[in-house]
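Position chains H, D, C, P and B against the provided structure of chain V, taking the given hints into account.
Chains as they are written, first to last, in my numbering: chain V, 1 to 335; chain H, 1 to 335; chain D, 1 to 335; chain C, 1 to 335; chain P, 1 to 335; chain B, 1 to 335.
Source of the hints: derived by calculation from the structure; they are not laboratory data.
Please read these numbers as outputs of a predicted model, since none were measured by experiment.
Mixed in with the good hints, there may be bad ones.
[As the list claims (entries may be wrong)] Not close to chain C: a few residues of chain H, all C-beta gaps over 10 Å, as computed: (1) ILE153; (2) LYS229; (3) ALA239; (4) ALA328.
[Said to hold, decoys possible] When the alpha-carbon atoms are kept at most 30 Å apart in a straight line, the in silico DSS-like pairs for lysine-lysine are as follows: (5) H/LYS76 / C/LYS3; (6) B/LYS126 / D/LYS122; (7) B/LYS3 / D/LYS122; (8) V/LYS115 / C/LYS174; (9) V/LYS122 / P/LYS255; (10) V/LYS238 / D/LYS122; (11) D/LYS126 / D/LYS116; (12) D/LYS67 / B/LYS3; (13) D/LYS126 / B/LYS122; (14) D/LYS67 / B/LYS116; (15) P/LYS238 / B/LYS188; (16) H/LYS101 / B/LYS3; (17) H/LYS294 / H/LYS3; (18) P/LYS3 / P/LYS115; (19) B/LYS101 / C/LYS238; (20) B/LYS116 / B/LYS126; (21) C/LYS126 / C/LYS3; (22) V/LYS174 / C/LYS174; (23) D/LYS27 / D/LYS116; (24) C/LYS27 / P/LYS122; (25) V/LYS27 / D/LYS27; (26) C/LYS174 / V/LYS116; (27) B/LYS174 / H/LYS115; (28) P/LYS76 / D/LYS27; (29) B/LYS253 / B/LYS229; (30) D/LYS27 / B/LYS27; (31) C/LYS188 / C/LYS3; (32) B/LYS101 / H/LYS67; (33) P/LYS122 / V/LYS3.
No residue lacks a Cβ here, since even glycine has one placed at the ideal position from N, Cα and C.
6 protein chains.
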Amino acid sequence: MSKEIIVFGEVLLRLSPPNHSKTFKSKLFEVHYGGAEANVGASLSLMGLDVNLVSSFPENDLGASAKSEMLSYGMKTTIVEQGERIGTYYYEHGASDRPGKVLYDRNHSSFSLLKKGMIDWKTIFKNANWFHFSGITPALSQDLAEVCEEALIIASEMGLTISADLNYRPSLWKYGKKANEVMPSLIKYCNILLGGADDSENCLNIKTAPEEPFESVYTKWQEHYPNLKTIVSTLRFKANASSNSIAAVLWSKNKLYRSNQFNVTHIIDRIGAGDAFMAGLIYGLTTWPDEPQKTVEYAIAASCLKHSIAGDINLSTINDISALMDGATGGRVIR
Amino acid sequence: MSKEIIVFGEVLLRLSPPNHSKTFKSKLFEVHYGGAEANVGASLSLMGLDVNLVSSFPENDLGASAKSEMLSYGMKTTIVEQGERIGTYYYEHGASDRPGKVLYDRNHSSFSLLKKGMIDWKTIFKNANWFHFSGITPALSQDLAEVCEEALIIASEMGLTISADLNYRPSLWKYGKKANEVMPSLIKYCNILLGGADDSENCLNIKTAPEEPFESVYTKWQEHYPNLKTIVSTLRFKANASSNSIAAVLWSKNKLYRSNQFNVTHIIDRIGAGDAFMAGLIYGLTTWPDEPQKTVEYAIAASCLKHSIAGDINLSTINDISALMDGATGGRVIR
Amino acid sequence: MSKEIIVFGEVLLRLSPPNHSKTFKSKLFEVHYGGAEANVGASLSLMGLDVNLVSSFPENDLGASAKSEMLSYGMKTTIVEQGERIGTYYYEHGASDRPGKVLYDRNHSSFSLLKKGMIDWKTIFKNANWFHFSGITPALSQDLAEVCEEALIIASEMGLTISADLNYRPSLWKYGKKANEVMPSLIKYCNILLGGADDSENCLNIKTAPEEPFESVYTKWQEHYPNLKTIVSTLRFKANASSNSIAAVLWSKNKLYRSNQFNVTHIIDRIGAGDAFMAGLIYGLTTWPDEPQKTVEYAIAASCLKHSIAGDINLSTINDISALMDGATGGRVIR
Amino acid sequence: MSKEIIVFGEVLLRLSPPNHSKTFKSKLFEVHYGGAEANVGASLSLMGLDVNLVSSFPENDLGASAKSEMLSYGMKTTIVEQGERIGTYYYEHGASDRPGKVLYDRNHSSFSLLKKGMIDWKTIFKNANWFHFSGITPALSQDLAEVCEEALIIASEMGLTISADLNYRPSLWKYGKKANEVMPSLIKYCNILLGGADDSENCLNIKTAPEEPFESVYTKWQEHYPNLKTIVSTLRFKANASSNSIAAVLWSKNKLYRSNQFNVTHIIDRIGAGDAFMAGLIYGLTTWPDEPQKTVEYAIAASCLKHSIAGDINLSTINDISALMDGATGGRVIR
Amino acid sequence: MSKEIIVFGEVLLRLSPPNHSKTFKSKLFEVHYGGAEANVGASLSLMGLDVNLVSSFPENDLGASAKSEMLSYGMKTTIVEQGERIGTYYYEHGASDRPGKVLYDRNHSSFSLLKKGMIDWKTIFKNANWFHFSGITPALSQDLAEVCEEALIIASEMGLTISADLNYRPSLWKYGKKANEVMPSLIKYCNILLGGADDSENCLNIKTAPEEPFESVYTKWQEHYPNLKTIVSTLRFKANASSNSIAAVLWSKNKLYRSNQFNVTHIIDRIGAGDAFMAGLIYGLTTWPDEPQKTVEYAIAASCLKHSIAGDINLSTINDISALMDGATGGRVIR
Amino acid sequence: MSKEIIVFGEVLLRLSPPNHSKTFKSKLFEVHYGGAEANVGASLSLMGLDVNLVSSFPENDLGASAKSEMLSYGMKTTIVEQGERIGTYYYEHGASDRPGKVLYDRNHSSFSLLKKGMIDWKTIFKNANWFHFSGITPALSQDLAEVCEEALIIASEMGLTISADLNYRPSLWKYGKKANEVMPSLIKYCNILLGGADDSENCLNIKTAPEEPFESVYTKWQEHYPNLKTIVSTLRFKANASSNSIAAVLWSKNKLYRSNQFNVTHIIDRIGAGDAFMAGLIYGLTTWPDEPQKTVEYAIAASCLKHSIAGDINLSTINDISALMDGATGGRVIR
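In isolation and in its complexed conformation, chain V is listed as follows (with noise of 0.2 Å):
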């Protein structure tokens, strides 16, 4: 496949204590690089597609070393260099009870000060066949909504796959309009959408019955955003922060696709879950287009993965997600 995922967002600066330690009393911190969308176009590139990540840094060591780390799993960049800071989170993982905490100081960052008008997307768009972005972006600021509108026109007109995660965190949205006014003018784009019930109504302005179940739920997505081809949901059971059950559902003509259920009984890192699912889930819309069971397997399974692996992204290959699919789990070494 030669043809380009485009994927926006901002890279953030994660400073985590090492070992399940607390940031109160912590005198060091590990440094990882990620973003909602960053994960998900990394897990693909290390899956042999072709990315090109476009984000915003400032022209500093730490711009320089997250567009390194972005580099080092073989994607492509185009950053807009501007600003004074990255955007940052201190991530303290949990542990049995004790749940992980993000403290966010990502204002005033340099993807922050984006505007309409900066990135050029018709280049970057020329050689892609698909878009992606999440929800996290339009939260951030007026301007990021309109840079993600602006980015969805022109993808739309060029004709490429739109795919979105809802990824809604209530305390991000706080420029003063709600996500439910903004994201139904850029959802109404999308072809491929992550969400769950609970989302219908913060997100797409959908009422929903409670324990309304996913057909009717996703049924009801498509008739106001006809564009949806393809919906999924992550599932997540008897979760504290050192085990979880997870799963997934995948709604694609009609139909709803349930995947295997997975206990992860051993978290490394709960981090970026959903955008190894999201990136399993591209993966396999372009390389069984017609395999919706096969698609969600592979999405869950990479997910179950990532929960595995410390930092933001999934480092797993075809070869591991695939053998994890077709059954095998880490009770035998591999030689």
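Using the frame of chain V, we list chains H, D, C, P and B on its own:
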């Protein structure tokens, strides 16, 4: 609350091999400072109460470091500077069926040199309304048992509430007396007591039948020690070194309150779980004096969280503990 | 006991990314030295037996380091210094559904250069009563298979007890022969054998039916290899990379002894669990020759503890293992 | 001495790549907390003086951590809790000809939100006799310049001794005023000043000739700022990032006192050397008010030792500094 | 500049004990990837030039990691995936009079399996104007010497500028030929050469007198190798493992340009200093083709900074190098 | 050489803050095991001599770890297992003008419990020809002084060569006797002595004039202690905690041999430099008995290298030391 809580006990230097490695082959030790009573005090201080730690350190870099660490939790300190060494212990973390292992190297410590008359209890108690100690101190020497008695008589006269953790550790009683020859004369001053059925004969000289219910045991205790108002015990089930189920009971006004049970599936640090419970108990008793059920729930939630926190001291805030008490588990990342 | 146990095999440099990180992005490797047979010897030495390790190292810093490490367990060593490199492997710890991964880089090692006649077995065996090797060595080269045979003939003549671990790893047999073309001529000298039903055809050239009971399989083995007195196998259930259930069987005098089952809920290091079992077995057979049940319980308890210990070698003492065998789990801190 | 020294300034989170590695490729940051004024206060507190730090932190884990660290040095704290982020800087240690590098990320910090009227200076100064600040604070915003003036007026009225470190850093003056438009109205209240000839025009609006001797420069300063009693400057020669020669001058009662010169041959941490000097100066001025030569020797010895100590804060004791002042170098191990 | 620089050589996994510890007792190795030619390429890429690295890796996690690291510097890569192992070396840092120590473990690497015809030089050189290699590659095998010749013939035909670093390491020439039997047929294609008087006979088969001046030596070299336009050498004085004085000479158009001398007082990493010089040289020759003095100053400043940077690769930017070239030393912290 | 060298002394657990950090704020300690006499023995063992270490350890994990470490250097050990604690010291590395700092915590150690009659010297000395001890042991207690005397009498009777390092540390002599009341009765048995002019009166009860030349001092020593054949002293100039110049003198047959002087510009670890010298001396005296100049050069080169090696023990090989003795400095990387 402006009256102080006084905690009295030894602060130990703890040296632990990192990452579950064994002492036998360890090339690094992680440094923590803690002690049964200091752990209670530090946790209460982090909850916003005024705490004064009474202890003894040598006048060297390790004594200075121990004191600095105690100050870092917001406690005041009243330190007798004397002697040549800080009490030390080596803690090897366990895992699965391999138990955690304490190797004491605390003989001849500065604290062990304390004698009656060295501490000006009257001044210390002047602005205080609570005194806490544990059964570890009178175990260390005849002198220390006398210092405890001295403090208890004065605290009692000055009207402080007195709490004790029996903390019965047979290996520490080496100076020729048994715990039940010493503890009764101290416990008679106490209002709040942490102890289980096993301690009845060992520490309190009270015979109990096997499997005798808490109601019956604690009724007997109050008959012998009429100052006791509240008696508590923590319970531990299905335990190995990495996972435990815990719960607690609280006996007050002839009624037994039983807490929820928590499954701690991935223990980070087993030390100080009882001290975290004790701190939660004191916080509850002073904050919600008429809500014993709420108090025992808060205390066990505090203890549950301690299992997920490295070091001897519970770094959890009131918010962290209350959230868990109210049903939040670590399954969802806090953003 | 003053007679020596002779273990013969390669000692490998093991490089592992710390803290469950992936080799792909690792900036640090933890250094361990081990090997199937050295692991057995080191564990026996830590249990107080006299052990001599026969191996080959290069005359450089890594060879010196490997030897120093072997000495640190109290073993004697008989080392052929030759060649230019130490056999190496990269071990990436698994977690949950992500399997542990061995990447061998052991070709052209000093050990692989050993040939018949290089080792003075007669002198080595003079004060010995036991010889142990594993199926890894004859897998590496024709020369090494011949060295094994040479040692076995002499050991046999000199009346040593001979034990072997089949340790069948298909990826290592690369020099043109299959395991079952080589192993039978070696196993015929053995008295003690660690192997499972899967190995029957692969290593011993004996057909077995699917799900054939151990009693039947092992009876056939003894028919073909009449020197075999004791045959054992470890069993592993419900396994992922972080938690396993383990047990073992021991076949002796036409009777099958089945051990307790242990749930290893939090694996620290998966490597060397079988070697720890083998060491426990040899210890049991020499210490309690008439108590096969006790022996298999001791061996599986040793193996259980190894899962909780970093590196290739079981650092557990006789006390540690006996306590677990007698029912102690890690639920209580040892003070 | 029971009167307090009040230090006012921002406490920054400092993140440094370990072991002289570069930010660009760093996977770990070491965590320190410090700031020009807090460094002075912490050092004075470790020397046994009573110090109160006035600052502002966000109400989050990093704010709590910064406060805990400040308490650990024995200081009291008066903290305005507000805002969302702690001022941060990245410090890359230099080596040989590669300079150390500060990357500020301190805009929009809690401290930067301080405004006149937020701090109750009268209460804070009630039990104090000294006020210290630096030229960094008025550089950050118009509001902070006004807070400084507010504090200085009250301190002056209440009779406190006032010290300032000019600490001129051009890159921080970004709100539209130059240092020499702001500083004069603050320095006029000061009694003790740390500043060099370069600062004369930049900060004090006083022209000096090139190579003008200290005596002449400082005489002019006193003419313009008659409250100045003592003026000091540190001197640095033959410097690269790893080795420096340092000395200092102290001007008092029309006389210049010149300190010994120290060759710091192996710098561990270059940050805070001036603050360590300032703390030594204040200690000397309060302890030996009539011995300016002793004071400047003590202050430069303190600064010399700081170069050998990791982090922002001089951890040296009075004994350490006095020993060096009296001629002991590090050539002999202390036992 | 849009034409690419092609660098061809082996990328090695480097394993180094941290903190100046010795390999013999090391329990950790720090991981770096580098190689004489890759180091040149990475440095040029960080300076903004377009670089393509031609090399060979195994198709395993270590090969993937090496490639990822090379991408992280912004280089393109053309990799032949083959073989089973990555060339490895252990580097023990020296200190004072203890020399740094390289232990090669690079035999049988993927790179060593390269043969003529495996690399499509014509395509690789299509958009290139520069080819760089070093004397290490033809030292490794007859095949690799032939690959070099193959590349040089094509590069020469296609009009690329060709640079070489003689990098004479006697211990690597083990396949039966001496350097001066192989190198002349390669150097005859070169335009730029890094080599000192010692290399004259060893590599170029040209006799020189002891202490013969550079002017004379290099004149002879040009007589034998008329394609040589620029010849350079680095000089090292008063060296121990921790401090060196360095300088360089550049010979061009019959004139010798001598650089400033730098005292590197505290070496962080001795490896790659020559490669950093080579990168600086290529940058200078392409940027300031008519300013040989500026070029040699830039190159030696680059090399000087490399000594202060951990790993094999010079992470310095053009700004860093230019500042040092213009006289800034590390004595002042950059803010 | 097959006769053993017997070294007798305490092995201490050493705990050091890493990376030049201060004990006061350290959260990690690096673990080393060493002691004046064990350091000598380990170095001799690494040089290929047969060494037996006689000492005493507690029967716990730290005792086992100390013994394992001693075995790792190839020494044999004869250990009295007794007591409850291993002697411990905290070593804070110095830097520049900040001195290194030893904080002893060795009272009540297993070794300090040794008494006359506990050690079977006759058996130990049976296959030995050399006995080494230091002045630290008789400083610790009356009992230990008697054990030394006991050993010396037997060693003397059995014809062993006896060496001693005076190692005078005033802070250790606390049991009521001065060094010069005890040492003379021990030194009278010695043939080889390491001591400087300062020790003359303190340890040997011999008055010397200030600046009295070595020839004169040592002549007096031999008059009082006629068994002395060789006397040596190390010299240290221009020292701070990071750089030293060192040399040594050796007195034999009325002649003084002075070694080369080495500038140790970057000290990694200051501990054990004298012990490394002593080991070099013993190696030289046994290897080149008639070449005192060569011996003192070898010994000082060994000591020089020790400054560059972390921990208490000189890990240098004969090759390393000989190369430096022959003029190689660390300026060139060994490949």
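Hints versus structure:
no.: 1; hint: ILE153; in the structure: 32 Å, holds
no.: 2; hint: LYS229; in the structure: 34 Å, holds
no.: 3; hint: ALA239; in the structure: 31 Å, holds
no.: 4; hint: ALA328; in the structure: 18 Å, holds
no.: 5; hint: H/LYS76 / C/LYS3; in the structure: 19 Å, holds
no.: 6; hint: B/LYS126 / D/LYS122; in the structure: 28 Å, holds
no.: 7; hint: B/LYS3 / D/LYS122; in the structure: 26 Å, holds
no.: 8; hint: V/LYS115 / C/LYS174; in the structure: 24 Å, holds
no.: 9; hint: V/LYS122 / P/LYS255; in the structure: 53 Å, violated
no.: 10; hint: V/LYS238 / D/LYS122; in the structure: 62 Å, violated
no.: 11; hint: D/LYS126 / D/LYS116; in the structure: 19 Å, holds
no.: 12; hint: D/LYS67 / B/LYS3; in the structure: 22 Å, holds
no.: 13; hint: D/LYS126 / B/LYS122; in the structure: 28 Å, holds
no.: 14; hint: D/LYS67 / B/LYS116; in the structure: 36 Å, violated
no.: 15; hint: P/LYS238 / B/LYS188; in the structure: 46 Å, violated
no.: 16; hint: H/LYS101 / B/LYS3; in the structure: 42 Å, violated
no.: 17; hint: H/LYS294 / H/LYS3; in the structure: 23 Å, holds
no.: 18; hint: P/LYS3 / P/LYS115; in the structure: 27 Å, holds
no.: 19; hint: B/LYS101 / C/LYS238; in the structure: 29 Å, holds
no.: 20; hint: B/LYS116 / B/LYS126; in the structure: 19 Å, holds
no.: 21; hint: C/LYS126 / C/LYS3; in the structure: 9 Å, holds
no.: 22; hint: V/LYS174 / C/LYS174; in the structure: 27 Å, holds
no.: 23; hint: D/LYS27 / D/LYS116; in the structure: 41 Å, violated
no.: 24; hint: C/LYS27 / P/LYS122; in the structure: 39 Å, violated
no.: 25; hint: V/LYS27 / D/LYS27; in the structure: 20 Å, holds
no.: 26; hint: C/LYS174 / V/LYS116; in the structure: 28 Å, holds
no.: 27; hint: B/LYS174 / H/LYS115; in the structure: 24 Å, holds
no.: 28; hint: P/LYS76 / D/LYS27; in the structure: 22 Å, holds
no.: 29; hint: B/LYS253 / B/LYS229; in the structure: 7 Å, holds
no.: 30; hint: D/LYS27 / B/LYS27; in the structure: 22 Å, holds
no.: 31; hint: C/LYS188 / C/LYS3; in the structure: 24 Å, holds
no.: 32; hint: B/LYS101 / H/LYS67; in the structure: 20 Å, holds
no.: 33; hint: P/LYS122 / V/LYS3; in the structure: 25 Å, holds
The structure shown violates the earlier hints numbered 9, 10, 14, 15, 16, 23, 24.
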